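Engineer: Can you join these two chains into the complex? Each is in its own frame, and there are hints to help.
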Amino acid sequence: MTVSPDAPHDYPPGQHPSLPPPPTSTGIVGWLRGNLFSSLFSTALTIVTVWLLWLLISNLADWMLFDAVVSADSQAACRALDSGACWAVIAARLDQFVYGFYPEPERWRPNLVFVLLIIALAPILYDRTPARKQLLWFSAAYPFIAGWLIYGGIGLTVVPTGMYGGFLLTMIIGITGIAASLPLGIALALGRQSDMIAFRILCTVFIEFARGVPLITLLFVASTMLNYFLPPGTSFDLLVRVLIMVSLFAAAYLAEAVRGGLQAIPRGQYEAASALGLSWWATTRKVTLPQALKISIPGIVNVFVGLYKDSTLVVIIGMLDPLGIARAALADAKWNGLSTETYLFVALFFFVSCFAMSRYSMWLERRLARGEAQ
Amino acid sequence: MIEIRGLHKWFGALHVLKDIDLSVATGERIVVCGPSGSGKSTLIRCINRLEQHQRGTITVDGTELSGDVKDIEKIRSEVGMVFQHFNLFPHLTVLQNCTLAPVWVRKMTAGNAEATARHYLERVRIPEQADKYPGQLSGGQQQRVAIARALCMEPKAMLFDEPTSALDPEMIAEVLDVMIELAESGMTMIVVTHEMGFARRVADRVVFMDNGEIIEQAPPDEFFANPRHERTREFLSQILSH
Chain A
57 MTVSPDAPHD YPPGQHPSLP PPPTSTGIVG WLRGNLFSSL FSTALTIVTV
107 WLLWLLISNL ADWMLFDAVV SADSQAACRA LDSGACWAVI AARLDQFVYG
157 FYPEPERWRP NLVFVLLIIA LAPILYDRTP ARKQLLWFSA AYPFIAGWLI
207 YGGIGLTVVP TGMYGGFLLT MIIGITGIAA SLPLGIALAL GRQSDMIAFR
257 ILCTVFIEFA RGVPLITLLF VASTMLNYFL PPGTSFDLLV RVLIMVSLFA
307 AAYLAEAVRG GLQAIPRGQY EAASALGLSW WATTRKVTLP QALKISIPGI
357 VNVFVGLYKD STLVVIIGML DPLGIARAAL ADAKWNGLST ETYLFVALFF
407 FVSCFAMSRY SMWLERRLAR GEAQ
Chain B
602 MIEIRGLHKW FGALHVLKDI DLSVATGERI VVCGPSGSGK STLIRCINRL
652 EQHQRGTITV DGTELSGDVK DIEKIRSEVG MVFQHFNLFP HLTVLQNCTL
702 APVWVRKMTA GNAEATARHY LERVRIPEQA DKYPGQLSGG QQQRVAIARA
752 LCMEPKAMLF DEPTSALDPE MIAEVLDVMI ELAESGMTMI VVTHEMGFAR
802 RVADRVVFMD NGEIIEQAPP DEFFANPRHE RTREFLSQIL SH
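Going line by line, the protein sequences match chains A and B. The opening position of the first sequence corresponds to residue 57 in the working numbering, with each subsequent residue numbered one higher. The opening position of the second sequence corresponds to residue 602 in the working numbering, with each subsequent residue numbered one higher.
So here's chain B without its partners, still in its complex pose (with noise of 0.2 angstroms):
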């Protein structure tokens, strides 16, 4: 679904991707973690071109992303992505963030975009607040709208950036509820974040990374009780220590 091959990315002189390699399974769940500024962030960003890599090959669905406009619409169309900080469109209601992409990408019509909206409403628990405007949602609600947004598109896979690091601690359960129920429909996702709860419920693999690189890989029960190397010890001794 998504290959990844001799990754590198620099910000200005900075190396801040080295030589990844990751390959992605259709239905597979990945979690990425790591410290702060280890580049997990500016990875999957590289998967949706928000940024531009200048070594390494990235491929998704078949598409290889290159400079063609086209080439990247059309992956940007099949990857959804959710952000820490939502980003929803302020002077939109709820209703019109969700049907703005499929009705101007997907050329559907106002009453199919309307109806698919409701249903992934629906399914991330807020079909009430359609015609609300994302301001007057709590930060929980605002992250559970972006998720049906990008759900909205139908999309192949799904890139989330930290998408609790911005909450309130007592509305990471409804945000994390809504994609523990995503990742069990089957839905290919990369995931960027510090819940190891989720991450151990959830994942086929998580990624450790650090200054760049990814440090390893393994499934979840392996990696939290066998982790291989001193920094991701250190890391989880970090994470998990209290």
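The shape of chain A in the complex, shown without the other chains (with noise of 0.2 angstroms):
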């Protein structure tokens, strides 16, 4: 039976229901009411940020939809037909945009390991994945297959690796990276706990040192010096230079990332689990790590974000990522001057990969949580 609020208080002790909320603190009126509404002021600021919000969108709408260009010949063409954005560059340069110079009959390769991609990544990122122990093999065999399958050889033609650029050339870059840099950066980060001092001596000083460098400056290393430290007659592909640079900055941001997650542990963890008689490593697998790496999250999302954006660093060292493929695209004096639309493609790229990872952390930490609220 609903009570009315309103009813005669007079319950005996002991008796007093659970009453509903008064209703103009609940629903839709009460939110405006509570948020937008709630004095004078903050109804006068409401609307004069709907009013430039209208400003911005209706102006931004026409010149990136109504008013755009489609497709045209050339920057003149464009300008001729209407006066918003010109995306006839995106759609002339798109293919070099996402394989850079990958040959065209070999481009089904990308594709395939993209496709791939999205079954190994399945199980890792969901844990209820249909017939996600078997997959998890398929995650671990991955890296292997997607190499094969876009550098070739066993059956398949060579692309030499200066041929890959643009979206391609990011996410290889990112996902090698990401993929490569967790394990390391978890290892550095227990390392640097470790009680044996000469493995913490050199995990600090790695970590120390990676932190202290630009990237750049070790993109330079990885793209000139390299070849004087390394044995004559030695020479390793630059982009797999590349990937091992990118790979050890990302995992000394990784292994601080984690080491704060380590700290946040309090002590009774590591007593009640060592009073059980857990090991060392029973110990960091299965009470200490899981905690650490869940308090952690947005840390290492911050990381890996970073690194992701960072790929395009490698512009600088001659590679051609969607920055370089951009410039190319505005060195063409048919699509002079269209530096924004181009610039903002590429950025929407990124945006939408990086705003996904954003959510799926925030995803992922809300699912983990959920149930062990103090």
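Because the hints were derived from the structure by calculation, they are not lab data. Given the structure is predicted, the values throughout are model-derived calculations rather than measurements. Idealized CB from N, CA, C, for every residue including glycine. Do not take every clue at face value.
[Claimed, not checked] Derived list of chain B stretches under chain A, where covered just means 3 residues or more per stretch with a C-beta under 8 angstroms from a C-beta of chain A:
| id | stretch |
| --- | --- |
| 1 | 666 to 678 |
| 2 | 697 to 705 |
| 3 | 807 to 819 |
[To be verified] Listing some non-contacts, in silico: residues in chain A with all C-beta distances to chain B over 12 angstroms:
| id | residue |
| --- | --- |
| 4 | Pro76 |
| 5 | Gly83 |
| 6 | Met120 |
| 7 | Ala128 |
| 8 | Ala147 |
| 9 | Arg163 |
| 10 | Phe200 |
| 11 | Gly208 |
| 12 | Ile210 |
| 13 | Arg297 |
| 14 | Leu299 |
| 15 | Gly324 |
| 16 | Glu327 |
| 17 | Leu349 |
| 18 | Pro354 |
| 19 | Leu424 |
[Stated by the list, open to error] The calculated SDA-like cross-link candidates involving lysine to any residue, where the alpha carbons are at most 20 angstroms apart (straight line), are:
| id | chain 1 | residue 1 | chain 2 | residue 2 |
| --- | --- | --- | --- | --- |
| 20 | B | Lys675 | A | Phe401 |
| 21 | A | Lys365 | A | Ala338 |
| 22 | A | Lys342 | B | Arg707 |
| 23 | A | Lys350 | B | His692 |
| 24 | A | Lys342 | B | Lys708 |
| 25 | B | Lys671 | A | Asp251 |
| 26 | B | Lys671 | A | Trp337 |
| 27 | A | Lys350 | A | Lys365 |
| 28 | A | Lys342 | B | Ala731 |
| 29 | A | Lys189 | A | Pro199 |
| 30 | B | Lys619 | B | Glu814 |
| 31 | A | Lys342 | B | Glu814 |
| 32 | B | Lys675 | A | Lys350 |
Structural biologist: See the structure below:
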């Protein structure tokens, strides 16, 4: 039976029922009143904000959508047609933006790698994926399959790494960097807390060194100096060298994010694990690391997003990532002066990828927090 | 079962345990009491090497505690411990808290470990909470889970470090009831507590510590009726006066 809040207040002691909240504090009306129109000032602020948003969105929509040109042969042709954005430059160069100079007849290979990536990521990112155990084996094999498909050999035409570019190159650097730096970063974080002093010093020196130099310098080292350090005759592919540098760099940052998580674990957790006779490895694997990683999720994703975006720095050592492709497009006389459109498009690609990572991490945090709330 | 001889411990320059001798026979129930800072928690934490002593010997079930990691892990797996702040693993369910060590230390199969866990959860009277997370339980329930978690290793002795001090008053009884039952089943127990009712009811011996020393030890009747030392009388009058 529902009780009206206006019913007479004469309950005997211990008999007071729980009443529903007053209607003005709930529902859409309650929300609007509380958040947008709570006072005269707040109402004025709401109106001004809505008006500004309207100005911005309507102008932007005109430029980006309604007055935009999607197909034309050149910048001049665009301008002749309409006053808005000239997306024709993207349409004309879309293949390069996606694949770089990956040869056209072989492009099914990166396409397949992308489809397989989704299958390989599903069991890692979502713990209720059907047949998760079996799929995880596929995820473990995926880096090798993807490497073979992209590079070639054993029955496939070899595509030299210098031909990779655009979003393909970004994905290769970003995903390899993330996959390699996570285990390495965890190992470094554990090493930095180790009781074995030599090991601890080694990890600390590495972390401080990698964090203390700009990624650009490491990339220059990768592109030029590494040849001096390696024995004569060995030649490492430039892309492989970049992948190693990016992974090591990200691992150092990641190690610090994970260390923060490890330090937040109360002493009692270590003591309880010790008191049960658990070994160092069992304690780390089952008790402290899972909790530390959960705490570090925002920091870890922060490093991943940074790494992903920093992959654009390879343009400086002459690799054709999306920014390199954009530059090349703008250097073409036909498409002069369209830098806004081109860079917006590249920005949109990065925004979508990074926003997805950020939303996923928030979802994961909520999911892991479920049921454990204190 | 547990033999402590000439034990000394320092925290930096602070001498916290001074020449402690204590032997505990199998099945014996010892209550350790004393003012805070008297070293009683440190003493029982030395028994499973959560604290390292600097002088003297501790022998548990024939194994002497030394720097040897294998010996330490063996003793820890034979001696259960219950903490003041429960220290349950918050990311694991109650059942997983209880099966973790049996699977990883005792190498029990998952099925056996679960059966053992359910048996002990039944014994501490919370079988229905098995699939919840510790954060969803009350303090009293969490402490009972912690007791079950320790019992799942089927230890030969149990150490309790102020198990009821962090609990709301209405939850103390449910934890003490479980401990009384455990004591009556013949478990060797060393309990650091201020619950004198518990000491009277189940202890074979009450040990009174002050300032890092054992001042006196006696069966509870004698200890409460007839304390020999001035310091003991003072302590008892303080905690029993209200």
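Engineer: B/Lys671 and A/Trp337 were given as a pair; does the straight-line alpha-carbon distance stay at or below 20 angstroms?
Structural biologist: holds, 14 angstroms
Engineer: Could you let me know if the closest chain B CB is still more than 12 angstroms away from the CB of A/Glu327?
Structural biologist: The claim breaks: A/Glu327 does not keep its Cβ more than 12 angstroms from every Cβ of chain B (closest is about 5 angstroms).
Engineer: Beyond 12 angstroms from every Cβ of chain B: is that where the Cβ of A/Arg163 lies?
Structural biologist: At roughly 44 angstroms from the nearest Cβ of chain B, A/Arg163 sits farther out than 12 angstroms, so the non-interface label holds.
Engineer: Would the non-interface assignment of A/Pro76 survive a Cβ cutoff of 12 angstroms against chain B?
Structural biologist: Correct as stated: the minimum Cβ-Cβ distance to chain B is 26 angstroms, above 12 angstroms.
Engineer: Checking one constraint from the list: CA of A/Lys189 to CA of A/Pro199, max 20 angstroms. Satisfied?
Structural biologist: Judged against 20 angstroms, a Cα distance of about 17 angstroms means the pair holds.
Engineer: Just to be careful, I want the Cα atoms of B/Lys619 and B/Glu814 compared with a cutoff of 20 angstroms; is the pair within it?
Structural biologist: The given pair, whose Cα atoms are some 5 angstroms apart, holds under the 20 angstroms limit.
Engineer: If I take the minimum Cβ distance from A/Ala128 to any residue of chain B, is it greater than 12 angstroms?
Structural biologist: The assertion about A/Ala128 holds, with a minimum of 57 angstroms to chain B.
Engineer: Decide, holds or violated, for the assertion that all CB atoms of chain B are farther than 12 angstroms from the CB of A/Arg297.
Structural biologist: Non-interface label on A/Arg297 holds, nearest chain B Cβ at 39 angstroms vs cutoff 12 angstroms.
Engineer: Confirm or reject the statement that A/Gly83 sits farther than 12 angstroms, beta carbon to beta carbon, from all of chain B.
Structural biologist: holds, 30 angstroms
Engineer: CA of A/Lys365 to CA of A/Ala338, is that 20 angstroms or under?
Structural biologist: This hinted pair is violated, its Cα atoms lying about 36 angstroms apart.
Engineer: Between A/Lys342 and B/Arg707, is the straight-line Cα distance small enough, at 20 angstroms or below?
Structural biologist: holds, 15 angstroms
Engineer: Going straight from one Cα to the other, do A/Lys350 and A/Lys365 come out at no more than 20 angstroms?
Structural biologist: Not OK: A/Lys350 and A/Lys365 at ~23 angstroms, beyond 20 angstroms, violated.
Taken one by one, the earlier hints fail for this structure at numbers 3, 15, 16, 17, 19, 20, 21, 27, 31, 32, listed in ascending order.
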